[in-house]
Amino acid sequence: KEATVKRFHYDDHAQLQQHLANFIDAYNYGRRLKALKGLTPYEFICKQWTSEPERFKVNPIHLMPGLNT
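Numbering (the UniProt record's numbering), first residue to last: 1 to 69.
Calculated from the structure, these hints are not laboratory results.
Possibly wrong hints are sitting among the right ones.
Unchecked claim - In silico BS3-like cross-links for lysine-lysine, where the CA-CA straight-line distance does not exceed 30 angstroms:
{"#": "1", "residue 1": "K37", "residue 2": "K47"}
{"#": "2", "residue 1": "K47", "residue 2": "K34"}
{"#": "3", "residue 1": "K34", "residue 2": "K57"}
{"#": "4", "residue 1": "K57", "residue 2": "K37"}
{"#": "5", "residue 1": "K47", "residue 2": "K57"}
Stated by the list, open to error - Cβ pair distances, simulated, as ranges:
{"#": "6", "residue 1": "Y42", "residue 2": "Q18", "range": "18 to 24 angstroms"}
{"#": "7", "residue 1": "S51", "residue 2": "Y10", "range": "42 to 48 angstroms"}
{"#": "8", "residue 1": "H13", "residue 2": "F44", "range": "32 to 38 angstroms"}
{"#": "9", "residue 1": "E52", "residue 2": "H13", "range": "42 to 48 angstroms"}
{"#": "10", "residue 1": "N22", "residue 2": "W49", "range": "23 to 29 angstroms"}
{"#": "11", "residue 1": "E54", "residue 2": "F23", "range": "31 to 37 angstroms"}
Virtual Cβ for every residue (Gly too), placed ideally from N, Cα, C.
Go ahead and model the full structure; you've got the sequences and the hints to work with.
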């Protein structure tokens, strides 16, 4: 099978840079890491907060980027 590839067209270089930065942030945010025993960074932070909440000043779940950010 051939892979489906989306093509994006940008008005300027800054728009391309912003889209690439957003993609890399989303990729790194959801990537499972061996150093974190297979957890994503978000899952690791949530796990640490539930086990040691005194180490955090605020609830980190409210600070994570989501669909509407």
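Outcome of the hint check:
1. For the hint pairing K37 with K47, the CA-to-CA distance comes to about 12 angstroms; that is within 30 angstroms, so the pair holds.
2. For the hint linking K47 to K34, the alpha-carbon distance of about 16 angstroms falls within 30 angstroms, and the restraint holds.
3. For a cut-off of 30 angstroms, the pair hint linking K34 to K57 stands: about 27 angstroms separates their Cα positions.
4. Taking the CA atoms of K57 and K37, the gap is near 25 angstroms; set against the 30 angstroms cutoff, the hint holds.
5. A threshold of 30 angstroms between alpha carbons decides the hint, and for K47 with K57 the separation of about 15 angstroms falls inside it, so the pair holds.
6. The supplied range of 18 to 24 angstroms is met by Y42 and Q18, whose beta-carbon atoms lie about 22 angstroms from each other.
7. Hint check: S51 to Y10, Cβ distance near 44 angstroms, so the stated range 42 to 48 angstroms holds.
8. For H13 and F44, the Cβ-Cβ distance of about 35 angstroms falls inside the hinted range of 32 to 38 angstroms, so the restraint holds.
9. A hinted range of 42 to 48 angstroms for the beta carbons of E52 and H13 is consistent with their spacing of about 44 angstroms.
10. A hinted range of 23 to 29 angstroms holds for the C-beta pair N22 and W49, which are about 26 angstroms apart.
11. A hinted range of 31 to 37 angstroms for the beta carbons of E54 and F23 is consistent with their spacing of about 36 angstroms.
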